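Trainee: The primary structure of each chain is shown beneath.
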Amino acid sequence: MFKITFRSPRPGLAVKLLIAASIPFFISCYGIKSSKGGGQLGRHMTRNPQAADVLLAPGYKIDLVTKGLTYPTACTFDDKGELYVIEGGYSYGESWTRPALIRISQNGDQKVIASGSDNGPWTGVDFYEGHFYIAEGGSKAGGKILKIAPSGKIDTLIANLPSGGDHHTNGPVVRNGFIYFSLGAATNSGVVGPDNAHYGWLKRKPTFHDIPCQDIILAGVNFDSEHALDKSAGSVTTGAYSPYGKPSAPNQRISGSIPCTGAVMRISVGGTKPEVVAWGYRNPFGLRFSPDGNLFVTENAYDERGSRPIWGAGDILWQVKPGTWYGFPDFSGDMLLAGDIEFKAPGSPMVQSVLKEHPNKPPKPAAILEVHSSSSGFDFANAAFGFAGEAFIAQFGDMAPDVGKTLAPVGFKLVRVDPASGVIRDFAINKGKRNGPASALGNGGLERPVSVKFNEAGDELYVVDFGIVQMSKKGPHPQEKTGVIWKITKTQP
Amino acid sequence: MNRKTLLITFVLAGFLTACAMRRSEPAKQKMFEPATSQIANGEKIFMAKCQKCHPGGEAGLGIGLNPVPAPKFLKRFQIRHGLGVMPAFKKEEITRQELHDITSYMSAWKHY
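Chains A and B, in that order, give the protein sequences. Note that my numbering has the first sequence beginning at 5, numbered continuously upward. Note that my numbering has the second sequence beginning at 13, numbered continuously upward.
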């Protein structure tokens, strides 16, 4: 049975208004509703992309550029304006394929320029002074930053980045001789737990855990769980920033080291030594410089899973201020998780801080996006496209029920965000009575947009659509050869 | 509440939750321009406090708000006092004026 709980400081008044509030009350019985994530509702495992099934803000049109890609994650342009896309080579659901850099001709034909190993996902690509720079996620052998010549020759600039947990090595963007990239956290909220075994990586890397960029002091909060790797072993106790099954102690110091997890870092184009730009992120997936030269990132926020579930944490668009700590694993945006009922998962205890001291109070986010929307790759518009200075963000869409429950599909669209005001408006959505991926709606629209990129002139917006990833209690079920590239242009001056 | 009233409430609630009522510029094929500074401010506050669970007033982590016919005072009551899994927003988080701005924005968004 569900439990009704008033959080009013004046319960007497709340009771008096109970009858008047009956309609919103009955609608808001969260506990008795089943999860309806976009991947859960999917009925179609094949794809027939149709631009007519996508609705855009007035004055724009969308066209299909190419289809049949496997797990595409990002695109870029060379110095001749030719379009290149990367296939990731890995999808959640433990599906490995061969990552590749592919040139897309104007008629949509695909030609492989270079391909990698089964250490994906390749999560991002940028072109700078005659070469492609790619972030290799590192699901098996650690993250890397690759430099690829137009001939297809691959050089590894940096390797053994501590990726391979829940999140990967992301980016990069190259600016003024520096390659900026990011590493996602190993875990959901700082603690290795059964959810990491469910994801698959804990079996491969049983001692892997989060690494801070600077020394931290733990509060000594520990978490019990059934042993996810050995059912006969009973329960285990695990602390934050510790290997699975190793408890932490109050005032325990964890030494920081570089490279670290949950951070934005950079190396020089000719160098190999990483330096921290900012840290304390969960999964900073998208990186872009704004027209006025400021670095922004999108952060995929906490899920309701694992030993330390967090509820109601929205994805975030951050402006990166060098040297700043951004709150992982004790804040959501600039709000402290501990003791705040807003972040308490139903049926779980109130969240406690795992750090005894926080390096700084996180700054105010540029925007707070939808919980579980997987707000990922983005780019800034200029006057040629309209909405100059706004960030166009691709929302991959929820991964419910793995990430927690949603009452309706979240994401699966493009939004535009004004970083100055934090106002978010839909820009590209699917036709239909409700939101969701094309595979759930039964049409040919957007599936899982994962990144966007403007061309050099800024009058064409290219959308990388990862393809079908359906969800069940067993986890994600990605479908190869369902990824597509879309192009959005203005129809009015 | 007698059985008849309870039944009507349940039927009405089921009907209302079935109405998706999408509200966005692509769905409406019309741009949303806040008519007053109060509505514009309400939109900013909504984005900071409400959007993450009720994107564009549609369902997400939380319920859809666009189909809810409750009057503004009731919405302000629910924001201030919380209900079920929805947290209460105290005066330190959302001022009385901001509360009015939010409901003005919600009304304008619902009917634009």
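In case anyone wonders, no lab produced these hints; they're calculated from the structure. Just so we're clear, the structure is a prediction, and the values are computed from it rather than from any experiment. Cβ coordinates follow ideal geometry from the N, Cα and C atoms, glycine included. Among the clues, some could well be false.
[Said to hold, decoys possible] Footprint (simulated), chain A over chain B, 3 or more residues, beta carbon under 8 Å:
#, segment
1, 70 to 82
2, 109 to 116
[As the list claims (entries may be wrong)] Label-pair distances were calculated between CB atoms; the ranges are:
#, chain 1, residue 1, chain 2, residue 2, range
3, A, D228, B, S49, 45 to 55 Å
4, B, M43, A, D463, 14 to 24 Å
5, B, M43, A, A55, 39 to 49 Å
6, B, M43, A, D296, 20 to 30 Å
Trainee: All hints are to be evaluated individually against the structure, with a verdict given for each.
Mentor: Against the structure, the hints come out as follows:
Note: the segment 70 to 82 of chain B has 10 residues with beta-carbon separation from chain A under 8 Å; the three-residue rule is met and the coverage holds. For the segment 109 to 116 of chain B, the assignment as covered by chain A is violated, since 0 residues bring a beta-carbon within under 8 Å of that chain's beta-carbons and 3 are needed. Take D228(A) and S49(B): their Cβ atoms lie about 52 Å apart, and the range 45 to 55 Å holds. For the pair M43(B) and D463(A), the beta carbons lie near 20 Å from each other, so the given range of 14 to 24 Å is met.
The beta-carbon spacing between M43(B) and A55(A), approximately 21 Å, falls outside the hinted interval of 39 to 49 Å. M43(B) and D296(A) have their C-beta atoms about 25 Å apart, which keeps the hinted 20 to 30 Å range intact.
This entry does not satisfy hints 2, 5, going by the numbered hints stated previously.
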